[in-house]
Amino acid sequence: MPRSPLRRTTSAPPSIERWKSRTLKEEVLRTILPSGLEVYLCPKPGFKKRFACYSTRYGSIDSVFAAPGEGEPRRVPDGIAHFLEHSLFETPRGNVSDLFARNGAYSNAATSFNTTTYIFSASDRFFPSLELLLWFVENPTFEPGRIEKEKGIITEEIRMCRDDPGWVSYMGLLESLFVAHPLRIDIAGSPESIREIDSDALHRAFRTFYSPANMILFVIGDLDPAKVFEFVARRTRFRERDGKAEEIRRVYPAEPARVSQAEFTRQMEVAMPKLLLGLKETGVPRTGAPFLARDLQSELALDILFGRGSDGFQKLYEAQLIIDDFGASYHSAAGVGYAAVGGETPRPQDLREAIFKEIKRVRRAGISRRDFEQKKRKFLGGFIRNFNSLEYIAGNYTYFRFHGVDLFDAVDILESIRLKDVEERVEFLAGAPSAASMILPRS
Amino acid sequence: MKPRKRPPADPIAFERFKLPSGDTLHLNSSPKLKTVLIQAEFTSDLDATVTRKALLPMVLRRGTRRLADMKSIHRFLEGLYGAGQGSDVGKIGEWHSLKFSLEVVNDRFIPRAAGPAGGRPAAARRRRPAKRPAPGVLREALGFLREIMFDPRLPGGSFDPHYVDQEKENLRRTIEGLVDDKSHYAFERCVREMCAGEEFRRYELGEVGDLAEIDAPRLTAAYREWAARCPMDLYISGDIDVRSVRGLCAEVFDDRRPGDLPLRGPPAPVAVGAPRTVEEKMDVNQGRLVLGFRHGIGYGGGDLEALVMMNGILGAFPHSKLFQNVREKASLAYDAHSQVERTKGLLFILCGIAVENYQRALQIILQQVEAVKAGQVSDEELVATRESLLNHLTLLEDDPGALMEIDRVWRLHGREFDLPAYRRRLAKVDRDRVAAAAGRLQLDTVYFLRN
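Order-wise, the sequence lines are chains A and B.
Position one of the first sequence corresponds to residue 1326 (my numbering), numbered consecutively onward.
Position one of the second sequence corresponds to residue 13 (my numbering), numbered consecutively onward.
It is possible that part of the hints are untrue.
Quick list of in silico lysine-lysine cross-link-like pairs, BS3-like style, CA-CA up to 27 angstroms [as the list claims (entries may be wrong)]:
(1) A:Lys1640 with A:Lys1682
(2) A:Lys1701 with A:Lys1685
(3) A:Lys1701 with B:Lys46
(4) A:Lys1474 with A:Lys1552
(5) A:Lys1640 with A:Lys1552
(6) B:Lys341 with A:Lys1476
(7) B:Lys83 with A:Lys1745
(8) A:Lys1685 with B:Lys83
(9) A:Lys1373 with B:Lys440
(10) A:Lys1373 with A:Lys1552
(11) B:Lys83 with A:Lys1701
(12) A:Lys1373 with A:Lys1350
(13) B:Lys103 with B:Lys44
(14) A:Lys1350 with B:Lys44
(15) A:Lys1682 with A:Lys1701
(16) A:Lys1552 with B:Lys44
(17) A:Lys1640 with A:Lys1701
(18) B:Lys103 with B:Lys30
(19) B:Lys44 with A:Lys1373
(20) A:Lys1640 with A:Lys1350
(21) A:Lys1350 with B:Lys46
(22) B:Lys341 with A:Lys1474
(23) B:Lys46 with A:Lys1345
(24) B:Lys83 with A:Lys1640
(25) B:Lys385 with B:Lys341
(26) A:Lys1373 with A:Lys1345
(27) A:Lys1640 with A:Lys1569
(28) A:Lys1345 with A:Lys1701
(29) A:Lys1345 with B:Lys44
(30) A:Lys1350 with A:Lys1552
(31) A:Lys1682 with B:Lys30
(32) A:Lys1701 with B:Lys44
(33) A:Lys1552 with A:Lys1345
(34) A:Lys1685 with A:Lys1640
(35) A:Lys1373 with B:Lys46
(36) A:Lys1745 with A:Lys1640
Read the hints as simulated data drawn from the structure, not as lab findings.
Construct the complete structure from the given sequences, taking the supplied hints into account.
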């Protein structure tokens, strides 16, 4: 192993920990408040933008759970995590966006399969906005009249997504790949499922998952760490450990290795067909370095197979089976994972065959060391580039912390990946249960 | 750490130089960035050549004289630590824009053990603290960018017909694929209806109907004309030493180009008759409503800052009237916003609604426009909009790509973007001037995509 670019030190004041990456020339500081809330700060000298994201480890896949003190886990209406995210923006003092705007700050939020994140960005007058962020995320009011209005808005959001061929094919793929796993449920739910949501259901979800030890606040910008930590400690409503995070029982059904259906097709108003091929695996590491390593190994394998500089991409492009939007990526959550390969194509079935053929060809022919080292170098460069973006750092640092691993470790983990690991990933892709999602033009 | 010399000037200002090629070099040193961004920008008139110009970057990226195919190009870029290379075709009023960009990791982040492709000896690296991009890396990047634009693969003096045919097909698919994004499609359809007799109607990627008459010899001729005559603005931003990068660019771009392609002036305002309504049916879940207005306020005269404030109050932000009234109060839409076009003098309002809510949504939208015209703007709305816009301006300093674009657009209008002065002017806009700017809005076209 080469010298580690990562140094972990604990320094004064005693409650502040510090991580440094020599490769990235970045550092992150952390304090854990008495409530269990983890607060991170990444200093970015010279940047005008200051950015904060407040996240909870709660997303659409947490669809069956027992709240602290409850007996049997219960299933909740699909789309409730996302609905809750919308609802927090409505406060007795008015709409949150409006309140941020008065400080010149911009706010937004997003719900994913396993997290919900509230963000704002500002330049001057950062602290009033930080106070606002803490306040509106920690103090909900679920007013029944407002809940009904939100249903109209979210119904339009769902309709919008249902006109988006990218989203429809993506959800079609997940529905086909997974038999029981809640990844197959649309994050926003359906117009029917959100009708069941009421203030009790929202309160129960909030009580369960918006508990300090289940949350992370990440702040980044040209800021003084001690000042930020002290400010948060004073302004957060969370005072002491409520013990809830430890008590949350999330139930993810056992997912079989097989797929739910081999093919999903939908006719839509599109110009060209679209194919997404999914390759599934179970038993994926859920946390720690193995989680991150699996992610990187898979992405490396997919880039060697189908990236812009690959023989695979060249061949498919020359054969006019693909256009620019063709790509491949790997995702995992709660123990299951999948690779998704595809894009627009005039002949989806031919492309599907060609993708399989290419995976099998590379599995037979093997990967050259030169190619492997080149892709690692490209990944390292891409990673460094991403560190220009405050949003990238905050979002990804939080995401990987929720999975028990430090984003800075990615440099080391990338370095430690061997050719054999990537060949094993090609092996998985060649033998994985698969499903294809296709969008076809109306004719 | 040693104190570093900071550029004395305004951190967002570009230093400008003439290159031996006759083109203009714009340099900005920004110590906080981990990468160096290079953008070569070309502006020409938006006209009947739009399709073949949109095709050019697609064919150019297929191969250069040295790197004969896409795979060689991407392998080369991977060797430069996965340099991000791209091209962009766009529209600025009735001008057509081609942009080639390259973003390379600054050398000081490259681990010493690995080094760049053809790395330098470690001793050379030690002499100067490794904090600025090594001339080797930047030189390779600049050389590559020059190659992609000015040294294409031309077997037998012409583009490879096979590549041309393939890219024609890809462009056709991309143009037709606009319909896949219903909001974007509705917007372009509104533009086309509203500006039917004007150059602005043209979609930046061109027309499928033009493709038939394009072949390799014709495209090569168009390319030669473009490569010789279209002036280039080369922008570079990052932790760079202005003097040495200037020297490097002068070495790379040393071939004299005439660069004498004439450029028309900004478009003149167009008179508006009675508003037109256009409906189009498609099998969609959600209707898309687009309202096109003309305001005729440009960079030259007019009250640009009041226009920007007015758009902010009306619909640019979540706190704006459109979002608050169409979405939050009436619960009719997920998204409702406005966007302003300053070169041609247009403003668009866009929202996605259930088809049966068309009349109600239209009525609420027009009420918001009337309210701004009548000066019915609260202090909170004024403050929130002003602060949001000022914040946005401050954040520009972190975004070299956006700064390049703003600088370029202002210069196209014969003006220099002076951020501090612009901030001051914006901060002074009051309710009356907002109302006056709104008073210039004339509804031209209502477009509705429905089922």
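So, going through the hints one by one against the coordinates:
Taking the CA atoms of Lys1640 (chain A) and Lys1682 (chain A), the gap is about 11 angstroms. The hint holds against a cut of 27 angstroms. Restraint check: the Cα-Cα separation between Lys1701 (chain A) and Lys1685 (chain A) comes to about 22 angstroms, which is no more than 27 angstroms; the hinted pair holds. This hinted pair checks out: Lys1701 (chain A) and Lys46 (chain B) have alpha carbons roughly 19 angstroms apart, not beyond 27 angstroms. A threshold of 27 angstroms between alpha carbons decides the hint, and for Lys1474 (chain A) with Lys1552 (chain A) the separation of about 39 angstroms lies outside it, so the pair is violated.
Restraint check for Lys1640 (chain A) and Lys1552 (chain A): not satisfied, since their Cα atoms lie roughly 56 angstroms apart, outside the 27 angstroms limit. For the hint pairing Lys341 (chain B) with Lys1476 (chain A), the CA-to-CA distance comes to about 12 angstroms; that is within 27 angstroms, so the pair holds. Between the alpha carbons of Lys83 (chain B) and Lys1745 (chain A) the distance comes to roughly 24 angstroms, so the proposed pair stays at or under 27 angstroms and holds. Between Lys1685 (chain A) and Lys83 (chain B), the direct Cα distance comes to roughly 20 angstroms. Compliance with the 27 angstroms bound is thereby established for this hinted pair.
For the hint pairing Lys1373 (chain A) with Lys440 (chain B), the CA-to-CA distance comes to about 23 angstroms; that is within 27 angstroms, so the pair holds. The suggested pairing of Lys1373 (chain A) with Lys1552 (chain A) holds, with an alpha-carbon distance near 18 angstroms, which does not exceed 27 angstroms. Between the alpha carbons of Lys83 (chain B) and Lys1701 (chain A) the distance comes to roughly 17 angstroms, so the proposed pair stays at or under 27 angstroms and holds. Between Lys1373 (chain A) and Lys1350 (chain A), the direct Cα distance comes to roughly 19 angstroms. Compliance with the 27 angstroms bound is thereby established for this hinted pair.
Taken as a hint, the Lys103 (chain B) and Lys44 (chain B) pair is broken in the structure, with Cα atoms around 31 angstroms apart against an allowance of 27 angstroms. Of the supplied pair hints, the one linking Lys1350 (chain A) and Lys44 (chain B) holds, its CA atoms being roughly 11 angstroms apart against a limit of 27 angstroms. A threshold of 27 angstroms between alpha carbons decides the hint, and for Lys1682 (chain A) with Lys1701 (chain A) the separation of about 24 angstroms falls inside it, so the pair holds. For the suggested pair Lys1552 (chain A) and Lys44 (chain B), the alpha carbons sit about 22 angstroms apart, so the restraint of at most 27 angstroms is met.
Pair hint Lys1640 (chain A) plus Lys1701 (chain A) holds up; C-alpha atoms about 23 angstroms apart against a cutoff of 27 angstroms. Under the criterion of a C-alpha separation no larger than 27 angstroms, the hint pairing Lys103 (chain B) with Lys30 (chain B) is consistent with the structure, at around 25 angstroms. With a C-alpha separation of about 10 angstroms, the suggested pairing of Lys44 (chain B) with Lys1373 (chain A) holds against the 27 angstroms cut-off. Taken as a hint, the Lys1640 (chain A) and Lys1350 (chain A) pair is broken in the structure, with Cα atoms around 39 angstroms apart against an allowance of 27 angstroms.
Note on Lys1350 (chain A) and Lys46 (chain B): the hinted pairing holds, with a Cα-Cα distance of about 9 angstroms set against a maximum of 27 angstroms. Note on Lys341 (chain B) and Lys1474 (chain A): the hinted pairing holds, with a Cα-Cα distance of about 8 angstroms set against a maximum of 27 angstroms. Taken as a hint, the Lys46 (chain B) and Lys1345 (chain A) pair is honoured in the structure, with Cα atoms around 16 angstroms apart against an allowance of 27 angstroms. Restraint check for Lys83 (chain B) and Lys1640 (chain A): satisfied, since their Cα atoms lie roughly 10 angstroms apart, inside the 27 angstroms limit.
For a cut-off of 27 angstroms, the pair hint linking Lys385 (chain B) to Lys341 (chain B) stands: about 21 angstroms separates their Cα positions. Distance check on the hinted pair: Lys1373 (chain A) and Lys1345 (chain A) sit about 22 angstroms apart at the alpha-carbon level, within 27 angstroms; holds. With a C-alpha separation of about 54 angstroms, the suggested pair Lys1640 (chain A) and Lys1569 (chain A) falls outside the 27 angstroms cut-off, and the hint is violated. A C-alpha spacing of about 21 angstroms is found between Lys1345 (chain A) and Lys1701 (chain A), which places the hinted pair at or below 27 angstroms, so the restraint holds.
Restraint check for Lys1345 (chain A) and Lys44 (chain B): satisfied, since their Cα atoms lie roughly 17 angstroms apart, inside the 27 angstroms limit. Annotation: proposed proximity of Lys1350 (chain A) to Lys1552 (chain A) holds, straight-line Cα distance about 22 angstroms (limit 27 angstroms). In summary, the hint linking Lys1682 (chain A) to Lys30 (chain B) is not supported, as the alpha carbons are separated by about 52 angstroms, beyond the 27 angstroms threshold. Taking the CA atoms of Lys1701 (chain A) and Lys44 (chain B), the gap is near 25 angstroms; set against the 27 angstroms cutoff, the hint holds.
The straight-line distance between the Cα atoms of Lys1552 (chain A) and Lys1345 (chain A) is roughly 20 angstroms, inside the 27 angstroms bound, and the hint therefore holds. The suggested pairing of Lys1685 (chain A) with Lys1640 (chain A) holds, with an alpha-carbon distance near 14 angstroms, which does not exceed 27 angstroms. With a CA separation close to 16 angstroms, the supplied pair Lys1373 (chain A) and Lys46 (chain B) stays within the 27 angstroms bound. Only pairs whose Cα atoms come within 27 angstroms are accepted, and Lys1745 (chain A) paired with Lys1640 (chain A) is accepted, the gap being roughly 25 angstroms.
Violation of the numbered hints given earlier is confined to hints 4, 5, 13, 20, 27, 31; the remaining hints are satisfied by the structure.
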